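Asks: Protein chains in written order, with the numbering used here: chain Z, 1 to 118; chain R, 119 to 229.
Worth flagging that the hints you see were computed from the coordinates, not collected in a lab.
Note that this is a predicted model, so its numbers are computed, not measured.
Among the hints, a few may not be true.
Stated by the list, open to error - Far from chain Z, some chain R residues (derived; all Cβ distances over 10 Å):
| hint | residue |
| --- | --- |
| 1 | Glu132 |
| 2 | Gly133 |
| 3 | Ser146 |
| 4 | Asn172 |
| 5 | Glu173 |
| 6 | Ile181 |
| 7 | Arg186 |
| 8 | Pro194 |
| 9 | His195 |
| 10 | Thr201 |
| 11 | Thr221 |
| 12 | Ile228 |
What the hints assert, rightly or not - Pairwise CB distance ranges (calculated):
| hint | chain 1 | residue 1 | chain 2 | residue 2 | range |
| --- | --- | --- | --- | --- | --- |
| 13 | Z | Glu20 | R | Asn137 | 25 to 33 Å |
| 14 | Z | Asn10 | R | Pro125 | 31 to 39 Å |
| 15 | Z | Thr76 | R | Ser159 | 20 to 28 Å |
| 16 | R | Ser159 | Z | Glu14 | 21 to 29 Å |
| 17 | R | Pro125 | Z | Ser7 | 47 to 55 Å |
| 18 | R | Arg199 | Z | Gln41 | 18 to 26 Å |
| 19 | R | His158 | Z | Ala2 | 40 to 48 Å |
| 20 | R | Lys121 | Z | Ser58 | 16 to 24 Å |
| 21 | R | Lys121 | Z | Ser53 | 38 to 46 Å |
| 22 | Z | Glu20 | R | Gln160 | 21 to 29 Å |
| 23 | Z | Ser9 | R | Ile228 | 27 to 35 Å |
| 24 | R | Pro126 | Z | Lys57 | 31 to 39 Å |
| 25 | Z | Ala2 | R | Pro125 | 34 to 42 Å |
| 26 | R | Leu169 | Z | Gln41 | 27 to 35 Å |
Think of the CB as a built atom: it goes at the ideal place given N, C-alpha and C, for glycine as much as any other residue.
If you want the building blocks of each chain, they are given just below.
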Amino acid sequence: GAGVSQSPSNKVTEKGKDVELRCDPISGHTALYWYRQSLGQGLEFLIYFQGNSAPDKSGLPSDRFSAERTGGSVSTLTIQRTQQEDSAVYLCASSLNFPGILRDDTQYFGPGTRLTVL
Amino acid sequence: DAKTTQPPSMDCAEGRAANLPCNHSTISGNEYVYWYRQIHSQGPQYIIHGLKNNETNEMASLIITEDRKSSTLILPHATLRDTAVYYCIVRVANLGNQFYFGTGTSLTVIP
Numbered sequence: 001g002a003g004v005s006q007s008p009s010n011k012v013t014e015k016g017k018d019v020e021l022r023c024d025p026i027s028g029h030t031a032l033y034w035y036r037q038s039l040g041q042g043l044e045f046l047i048y049f050q051g052n053s054a055p056d057k058s059g060l061p062s063d064r065f066s067a068e069r070t071g072g073s074v075s076t077l078t079i080q081r082t083q084q085e086d087s088a089v090y091l092c093a094s095s096l097n098f099p100g101i102l103r104d105d106t107q108y109f110g111p112g113t114r115l116t117v118l
Numbered sequence: 119d120a121k122t123t124q125p126p127s128m129d130c131a132e133g134r135a136a137n138l139p140c141n142h143s144t145i146s147g148n149e150y151v152y153w154y155r156q157i158h159s160q161g162p163q164y165i166i167h168g169l170k171n172n173e174t175n176e177m178a179s180l181i182i183t184e185d186r187k188s189s190t191l192i193l194p195h196a197t198l199r200d201t202a203v204y205y206c207i208v209r210v211a212n213l214g215n216q217f218y219f220g221t222g223t224s225l226t227v228i229p
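Can you make the complete structure from the sequences, with help from the hints?
Replies: As structure tokens, this is what we get:
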């Protein structure tokens with residue numbers, strides 16, 4: 001079946017521009033996660049959605065970062081006034097997770113969007 | 119979530135079993151052990167997870183010690199395509215929270 005997809009696969013932008021990154025989770029998955037990975041580094045958690053709600057925004061690095069999810073499906077991560085330190089691979093994952101019900105919440109990852117800020 | 123300790127790198131001959139260790143001495147009773155891997159320039163790939171019992175699927179086997187303070191991921195017949203960074207993660211399932219990936223073990227399968 002179709003996995004998590006992300007677009008664009010690569011994005012090059014100039015410092016100060018805004019960018020939008022898109023994530024299409026696996027159909028039926030209620031939970032969606034954003035991470036970023038800088039070159040040679042581990043994964044850094046950014047934000048998590050349960051349905052359309054984001055109960056944990058503590059990982060967003062600054063107020064230039066925001067994310068939304070509509071219809072319990074597609075999510076968009078927006079970075080305003082990009083800086084060079086924002087350059088990284090942005091990864092999206094989804095899981096079937098239903099809160100309060102003991103079910104597998106294994107996260108499945110997309111291929112990522114490589115963002116380069118010049 | 120409990121922290122994990124993994125060797126930074128390992129080599130394995132092609133066709134042989136790759137045994138990747140992980141220590142999680144502070145694991146709680148309701149925390150699962152998950153394994154993911156990340157091949158260069160790709161997103162992390164789920165491999166296997168377990169709570170107490172050993173688990174096996176088409177990709178690998180997971181052996182968890184009786185005291186649950188360590189585990190081993192076994193790739194029974196390593197191929198060149200198994201060269202990747204392998205992450206051992208412990209977390210409480212079904213909280214919808216993040217995975218802490220750490221630095222993992224870089225496995226190189228040698229022809």
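Asks: Run every hint past the structure and note whether it holds.
Replies: Hint check:
| no. | hint | in the structure |
| --- | --- | --- |
| 1 | Glu132 | 26 Å, holds |
| 2 | Gly133 | 28 Å, holds |
| 3 | Ser146 | 16 Å, holds |
| 4 | Asn172 | 17 Å, holds |
| 5 | Glu173 | 12 Å, holds |
| 6 | Ile181 | 19 Å, holds |
| 7 | Arg186 | 19 Å, holds |
| 8 | Pro194 | 21 Å, holds |
| 9 | His195 | 24 Å, holds |
| 10 | Thr201 | 16 Å, holds |
| 11 | Thr221 | 6 Å, violated |
| 12 | Ile228 | 22 Å, holds |
| 13 | Z/Glu20 - R/Asn137: 25 to 33 Å | 43 Å, violated |
| 14 | Z/Asn10 - R/Pro125: 31 to 39 Å | 33 Å, holds |
| 15 | Z/Thr76 - R/Ser159: 20 to 28 Å | 23 Å, holds |
| 16 | R/Ser159 - Z/Glu14: 21 to 29 Å | 24 Å, holds |
| 17 | R/Pro125 - Z/Ser7: 47 to 55 Å | 36 Å, violated |
| 18 | R/Arg199 - Z/Gln41: 18 to 26 Å | 24 Å, holds |
| 19 | R/His158 - Z/Ala2: 40 to 48 Å | 23 Å, violated |
| 20 | R/Lys121 - Z/Ser58: 16 to 24 Å | 19 Å, holds |
| 21 | R/Lys121 - Z/Ser53: 38 to 46 Å | 29 Å, violated |
| 22 | Z/Glu20 - R/Gln160: 21 to 29 Å | 22 Å, holds |
| 23 | Z/Ser9 - R/Ile228: 27 to 35 Å | 31 Å, holds |
| 24 | R/Pro126 - Z/Lys57: 31 to 39 Å | 32 Å, holds |
| 25 | Z/Ala2 - R/Pro125: 34 to 42 Å | 36 Å, holds |
| 26 | R/Leu169 - Z/Gln41: 27 to 35 Å | 29 Å, holds |
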